[in-house]
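Visitor: For chain A, the structure is supplied; the task is to place chains B, C and D on it using the hints.
Respectively, the protein sequence lines represent chains A, B, C and D.
Residue 10 in the numbering used here is what sits at position 10 of the first sequence, and the numbering runs on without skipping anything.
Numbers given in the numbering used here equal positions in the second sequence, counted from 1, plus 255.
Numbers given in the numbering used here equal positions in the third sequence, counted from 1, plus 502.
Numbers given in the numbering used here equal positions in the fourth sequence, counted from 1, plus 908.
No lab work stands behind these hints: they were computed from the structure.
All values reported here derive from a predicted model rather than from experimental measurement.
The beta-carbon is built from N, C-alpha and C at its ideal position, and this holds for glycine as well.
Treat the hints with caution; some may be incorrect.
Stated by the list, open to error - Cβ-to-Cβ under 7 Å is the rule here; a few derived chain D residues that face chain A:
1. Met980
2. Glu982
3. Val984
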Amino acid sequence: MSKQIDSTHDDRQVSSGRREFIKQTAATAGAALASGALLYTGEASAKPADEAVTSAQRWGILVDTSKCADGCNDCVNACASENGWGSVEHDPRPKTDAQWIRSVTIRNKQTSAEHTLPLMCQHCENPPCADVCPTGASFRREDGIVLVDKHICIGCRYCMMACPYKARSFVHETIENQIEYAPRGKGTVEACTMCVHRVDDDRNPACVEACSHQALTFGDLKDPNSDIAKQMKQHATKELRADLGLNTGVRYKGL
Amino acid sequence: MSFLSILYAILFYAATILLVAGLGRKIAQYARTPAPLKIPTMPAPTTQTGVVLRVATEVVFFRQLFKSNKWIWLFGWMFHMGLFLVLARHLRYFTEPVWAWVVLIQPFGKYAAFAMVAGLAGLWGRRILVERIRYISAPSDHLMLALLLGIGLSGMSMTFVSHVDIVGLKAFLLGLMRFDWSHSLPSDALLLIHLLLVAILMIIFPISKLLHAPGVFFSPTLNQVDNAREKRHLAPWAAGLDADRAE
Amino acid sequence: MKKIDYLEIDGDSRGFYTLVGILALIAAFGAGAALTMEHAGHWITGMSNQVIWGTPHVFAVFLIVAASGALNIASMGTVFNRHIYQPLGRLSSLLAIALLVGGLLVLVLDLGRPDRLIVAMTVYNFKSIFAWNVLLYTGFIGITGVYLWFQMDRSMGKYYKIAGYAAFIWRLILTTGTGAIFGFIVARDAFDSAIYPPMFIINSFAYGMAFFILVLLAAYKWTARPLGDKLVYRLKNLLGVFVAAAFYFLLVYHLTGLYHTKRHGIEDFFLQSGGIYTQLFWIGQVLIGMLIPMFLVWHPTLGKSRSMISAAATLVIIGGLSQMYVTLIGGQAYPLNVFPGYEVVSSSFFDGGVNAYSPSLFEVMLGVGGIAVALLAVTMGVKILRFLPTDLSDKAVDPHHTKEAA
Amino acid sequence: MRKSQRFNILFGLAMAAVLLSGSAAVFAGVPVPLLPEPVKSAVEGEESCVLPEDEMRRVHMDRLKHQRDDTMHEGVRTSRFSLKECISCHVTKNDAGEKVSVKSREHFCNACHAYTGVTLDCWDCHASQPDGGQ
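Chain A extracted, bound-state conformation:
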């Protein structure tokens, strides 16, 4: 279901082309559902390029910790190469190098049960980072993705103080040769964008795509027919630091 936009086209052509596509998809999907042969993935919510995202969707990721393999770093590596943060030109400086997503292994203090899981921006509904940001550079998009608008970020790092998940990194040095769709630069704060450039293009985030253990599911939490919504309806899931009442967009199963 790859739907690349040919960026050389006129906008109007693109959008009308997309509308056409949506109609066809909907028709196909409808037929398929009727025959019960196709599992509707909930990702055909294609949005024309010239329209704003709306709160009709809320994007989320479900992490199945029981499937997440200890020692596997595929999602981290995929994120790093997708967004260009892993390939630093200097020797690693772990304390100051950015990490948009990391693999953490934790042990239950009572039962000694161990879990490995990826930890990244939890894309809260009420993000503390956005609350404290003085310029509004930290914000939540209508569709639930929490981002940093680096054009107005002044680098005060208050958002990093406020984030309960340590999900954000400050860019501590000059960066060159950025990836076209992943701008990042010295003096601003950054974090997981849920691969917003891919989401706007109806593709899965890089980490989800890279996970060979099917531990990650991406989708629209508001669409009851989406894979992620169905899973969350079936199984108990957890949000990290639920006590803070942030209603995260990233949920964990098996904790």
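Guide: Same frame as chain A, but now just chains B, C and D:
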């Protein structure tokens, strides 16, 4: 070159010649004006270095004005320092490549314009609102302020409201400086108004009170050394008379 | 009471120029450090993705808190009608503005993008206490500036009270805002407490008074103007009271923490197991910053000595910097608890462990540079304008002064 | 009398020097920014850029900023005023045929920006050449 460009080219050549020649004439006049007596405002420095320092603090900080009137000093100093930064920023239109320090201060000049305009507004407000000052204000005093304010506001509008083609402007200006008239002046209304006001200011500068700019350096109360007792003050013209009498 | 005369200091002695030279040099080093940090990026500092705010913030927040406290002496004269403090109002306002400017300078120069200061001042998210603080800080400079103008310009005398009240209320709100920066952080165990704003206000009284006493004693000693014991003793007694009040708030903060089970971890870290932070807490904040100064100012003989009073004020400032260091950096060094009930076995991003931080020279230079700028502004200020009364002897300041009392 | 004559001669000489030094530059010509030709027309069927050149010189930043906010905050990803599109269309190559970054004065953006002394901070974060210069 468009007709308008030719008009502005002629205007700016004329204005430049009038400004340079007029200022040169005035400075020469100031330089040759006799200073028969030692009249430095006390306390005055007793060495030449001290005098240089004194003139420098006067020119940079307006010290005498500060001592006499804080409000005029505040507005006046704001205006002049703003103007300085703004003018420095304009060097980018006349130099190629643009000097590094001009690139560095260029963004600050943008905001200095606010200080400049606020200072001018304060000074003009004083001429209008304070009755005593209003009484002694001549039309030319108002004209200077109006011209400067007009220049400031039209300039700021081009930075903050409606951008103009500054690449075209620079090509035109560099052309004027090199006597190569192949580049036309971009015809943005704001730019034309701004340049017209600047040309008018340049033309009347040498016959206006704005001459205090070069004049401050020639003020005998400011630039004389307080060494009347150590060294006899003899004005050059008086030296001749002295010699005659000695014969 | 005599009419109080104010006069610029002469400011032409070798000592004056030496003072200005030294302060300017320190400020220049601070500017150099800031430039280096901006050019290379923050990796050359001790700050990291774990300890996000470092030594510059310790100095900046301390100076901002002290600034609002320095205005207190003026407020006591204007708002609370304590006439004896009125001659000190101008210096108090000047010191307040200078300290705030010094602190803001440090804060701004540590930003990742200080070149975007204009963004911070034009684009606001009003849910953020930081955004409010931008307005509170600039408003403080404006209001205190006007207050100062009314203090100095007799023709504006009738508005002097109003300006004094406005400045007093504004400074309370301002320090509330500064304390709320920490109080509003829900994620970290050390912060997230409503006691921060009032505690910062009490701390500001003490730090501001300490700065004021030092500046006043130095200014009158170096200019050989008379300064009576009456005023000095009153100020040092107030310093003692403010430090005692700060001590009380500290006690309540930690008592609450010791009672709440979920906060035992952070309390253990601050009070027992936190290494440098525990040492700084007990030795720097409590002993040097509170107990010794209270002993000094209230001791029947030591408390009469000006050098001991200066020492007490200096110790309060050292204690204040320790307090900021413990609160700010200790609060970040203590790990975030992302997974309650779990312990972290492994992580590439330092989860679960105490975060290491050691200040770099650049950070210290920038912070000290901020203090130098503030003191430089005061030094130049008293030379340029009439801030200092020519005579603060007991006879000049006290309407009820009699020979016997002196 | 003699003194004022001497002054007038000096003054005339100075003016002549100014004029001569000016006219010496005549042969240098007026330096103007050299812009690379666009690779393709962004709006199909139209010869010009996304806006006439004359207009682009004045409003390019307003359009870019508008697009920037729309994309950043609302996920509007049209290509007309997208920075990425500017860069891929006006890609600059040096004599050796390599794509140049914004550090070079040959770069499409930098040509005018260096000419007018306007610093850019787009490239602190964004890639200044398509495909990382490959």
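Visitor: With reference to the structure, classify each hint as holding or not holding.
Guide: Cross-check of the supplied hints:
1. The interface hint given for methionine 980 (chain D) is met, as the beta carbon of that residue sits about 5 Å from the closest beta carbon of chain A, less than 7 Å.
2. Annotation: glutamate 982 (chain D) was flagged as interfacial toward chain A, and the flag holds, the nearest CB pair being 4 Å apart, inside 7 Å.
3. Among the interface hints, the one on valine 984 (chain D) holds; its C-beta lies about 6 Å from the nearest C-beta in chain A, closer than the 7 Å criterion.
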